[in-house]
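Undergrad: Please put together the full structure from these sequences, using the hints given.
Residue 890 is where the sequence shown ends in this note's numbering, and the numbering goes up by one at each step.
Rather than coming from a laboratory, the hints here were simulated on the basis of the structure. In this text the structure is predicted, and so the values were computed from the model without any measurement. Certain hints may be false.
Straight-line Cα separation of at most 16 Å, EDC-like style, residue types lysine to aspartate or glutamate; simulated pairs [to be verified]: (1) Lys-150 to Asp-74; (2) Lys-84 to Asp-74; (3) Lys-515 to Glu-572.
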Amino acid sequence: MFQPEPDADDPIHSWRASMDEVMQRNYSQLRFDVERMETNISIAEGDIFRKEEEQFFIRADEMQVNDLLKRQADEVNRLEAAFKDLLRERALRKASKLAEKRMYKEAKTRYIKIKHQEKVKQTADAVIVASEQHRRRLDQLLQLVDSKHKRQREGMLVSQDRRVKSQRAILELEMRNMPQILRDEVMFDWESKLAHQRNADKLSFDQLRDTQQAELAHRKERFDLETKAMSEVADLHIEQLREMGEMEHKQKLDMIIQVDQVEIAREKVSVLKLTGMHHVELRKLKAAHKGQLATLIRQTKSMARARERKWKDAMGAEMLKSMDQANDAMSSEGGSNLGAISESASSASGISRQDSSSSFGSVDDDTEAEVRAAEEAVQKLMAEDYAKANAGWNAAQEQHKLMYARHKEDRRRLAQQHRDQLRQVESDIKNKYDELDLAHESQRRDLRKSHEATMAELVQFMHKEYLVSRSIRLADRKSLAERRVLVSILNTIADGVVSINPNGSINRFNLAAEKMFGYKAEEVIGENVKILTPVSHAVKHDGYLKHYMKTGQRKIIGTGRQDFARRKDGSEFPCFLNLSEVREEGSVVLFTGIIRDLEAKLAREERIHRTRQEKQLEMEALVSQLDAERFQTRKLIGQILPSTIADQLMNGEPVRPTKFNDVTVLYTDLVGFTQISSGLGALEVVDLLNQLYTAFDDVIGLYDVYKVETIGDAYMVASGVPKLNGNNHVAEIAKLALHLIKTIPTIKVPGRPDVQLKMRVGIHTGPIVAGVVGRKMPRYCLFGDTVTIANKMESNSVAGKVLVSDTTYRRLQTFDGYSFEPRGDVVIPGKGTVKTMFLNGLTGFNPDVLSGAYSKAAAVPKAAFEEIAVGPVPLPVSSDTFAQPQGVGM
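TA: Set out below in structure tokens:
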């Protein structure tokens with residue numbers, strides 16, 4: 001503060017001088033303190049202003065440094081981002097390039113695979129075309145062979161006919177001057193031999209056909225084997241092509257992946273180079289940034305010193321002077337804090353300058369060291385990473401080479417494997433050819449042996465048949481001669497001989513009988529024997545016959561008796577009757593009576609009794625012999641015709657067609673017989689049919705049925721014809737059908753144990769007409785809609801089932817125990833719709849029990865049945881001839 005010079009006249013000065021010294025010193029100290037306070041306040045305010053300004057500049061400098069650091073960080077980030085973008089773009093370009101290359105290679109690989117598949121398909125198509133061509137060649141060959149076989153068969157037939165014609169012409173030349181009887185005998189013998197020769201020719205023809213069929217079958221088997229072999233080789237070739245194509249495709253894909261690995265390894269090397277260069281640039285940039293920061297700091301510190309100097313200048317010299325005075329005063333009084341403050345400020349300024357100068361020097365040194373360390377680190381990093389990347393690249397290239405060599409070896413090994421497979425298949429095919437040739441040769445050898453054995457057997461059989469036929473012809477001639485002798489004897493003897501059937505109808509009347517009774521033979525043949533008996537017994541005669549036929553009680557048969565007979569004029573005369581009978585299969589079929597007129601010979605009866613007995617015995621012996629021969633003949637005919645029909649044919653009577661109003665007809669047929677027989681030889685087919693029909697014949701022997709005929713595998717049976725059996729024919733046929741269905745599984749196909757025979761059956765009931773058809777090998781045939789409908793029932797049935805018509809179904813409903821199943825309607829052309837049912841079974845019916853009973857009955861000796869002889873019909877006699885219920889028995 002301004003202090004003027006003391007003035008003595010100044011009252012204040014005077015007043016102050018008048019104070020004591022202590023007060024004056026106190027007031028002076030107080031005034032000094034006030035000044036010092038003001039000075040300190042001014043200094044403090046200036047220091048505050050300086051600090052505020054310094055803080056402002058510090059903040060400005062910090063902002064400038066931060067801006068610089070931010071710009072440097074942004075520059076580093078931009079460099080990093082640019083480098084990352086460079087790497088990303090490079091990676092994208094490389095990935096796109098690799099993807100394009102991979103897509104191109106994969107597309108090329110797919111194209112190669114498609115071409116390979118097309119090649120495989122073309123190969124398969126070529127195989128199919130070759131197979132078709134091979135098939136056409138086989139068809140042409142089979143047509144050629146079949147044509148050749150047909151010509152061979154036709155040539156054989158022509159040769160056989162030509163040989164027969166030549167032999168017949170030679171025979172006619174030989175017989176030109178022969179007697180007619182000898183000529184007929186020779187001609188009959190030749191026709192018998194011709195029939196045998198035709199059988200042998202037919203067998204030769206069948207054997208030729210079997211041989212030809214075997215040849216065709218062998219050719220087809222050979223073709224099938226060739227086709228199969230061709231198919232196996234083609235399939236193997238196609239499979240090998242497919243395997244090779246798949247391997248090449250897989251190897252190409254593996255190679256693409258491996259090439260990508262090589263490219264990736266090479267790209268890693270390039271990226272490492274770029275990364276090293278980027279690190280060097282980044283380190284250099286950071287070093288430059290550090291230098292910029294150091295420069296900015298130096299500039300900031302320099303400006304701070306300039307501001308400090310400017311502040312000091314702004315304080316002014318007066319303030320400094322006052323501060324010095326105050327400091328001096330204070331120093332004289334013991335010092336004050338102002339000097340300390342000034343000193344602290346000076347020391348602080350010095351320290352600041354020292355720190356600033358030392359800081360600038362250290363920053364420059366650090367920047368240079370960091371740049372050098374960065375360059376060395378980058379060089380070291382680049383050297384190590386580059387070596388690793390090169391090692392990876394080299395390893396990938398080496399792996400690529402190894403993969404290529406491995407792929408080449410795999411292809412070579414697969415090709416060798418394919419060659420081995422092909423050789424093995426060719427060897428197997430050759431072995432199959434050899435086995436097939438051996439099998440064919442064995443079959444041909446067996447077929448030749450079978451043909452030779454069959455021909456030898458046929459020749460032996462024909463020889464035996466010829467001998468038997470010749471014996472039969474001799475026996476027939478002898479029998480004919482004996483018959484003529486017998487007829488001559490019967491016509492020359494004085495006794496009347498009359499034969500009747502079980503119905504009482506006369507069928508034989510000799511000359512003696514004509515003279516004795518006054519009738520001509522044609523007048524009484526077919527008439528009832530009652531016309532020859534007395535009137536008193538005529539009305540009872542039929543009852544006698546029925547009683548005997550029913551009971552079998554003999555009264556006069558086999559013995560003679562005296563009785564009375566009636567002539568044509570009605571007169572009665574005494575006679576002696578000798579009655580005999582002829583039985584066949586246990587039934588009487590003929591009664592023969594020898595009648596002697598006793599009217600004129602009663603007186604001589606005793607004298608001629610012995611003679612008559614001898615003649616009677618002789619006659620009976622002749623009749624028995626004739627009956628035995630007739631029995632043999634009838635037995636042969638009875639095997640192919642019904643007994644009643646055989647009787648008519650044996651008696652030389654015409655067989656007229658007969659209508660039967662109620663008959664049940666059964667048809668059977670084997671299901672799939674054509675297919676089964678196609679796999680069998682002719683002899684095996686005949687053996688199968690013989691086995692089948694023998695079993696069926698055994699079964700029908702258990703029932704009241706008649707076997708009509710067999711055609712191939714069809715079997716026809718009827719009941720109610722020719723022998724009527726009331727309403728039982730429906731049940732008999734139904735049980736027979738169920739029995740046959742049970743029997744058919746037991747029959748086995750020769751050489752085919754795996755084949756199960758199946759049969760379908762059809763039944764219908766209705767009227768039929770029956771009669772004998774033909775002269776040579778006559779047949780008893782059935783005609784009518786009933787036969788047709790029964791056949792349709794069989795054809796519409798199913799395997800293992802019995803199909804019956806509605807008529808048969810209604811008739812079977814009258815019997816208990818039959819079960820049925822609806823089948824539906826069947827349309828029959830010309831007949832309309834027929835309702836049908838399946839016959840499922842019969843309660844309590846067991847065919848096995850019947851078969852066992854039949855087997856026991858079959859064990860009875862034949863002699864028990866052969867005791868029954870067939871002979872002339874017994875002669876009708878008087879009313880006492882046959883037994884009456886209360887009269888004399890027979």
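Undergrad: Evaluate each hint against the coordinates.
TA: Verification of the supplied hints:
1. Lys-150 to Asp-74: violated, 108 Å
2. Lys-84 to Asp-74: holds, 14 Å
3. Lys-515 to Glu-572: Holds, at about 14 Å.
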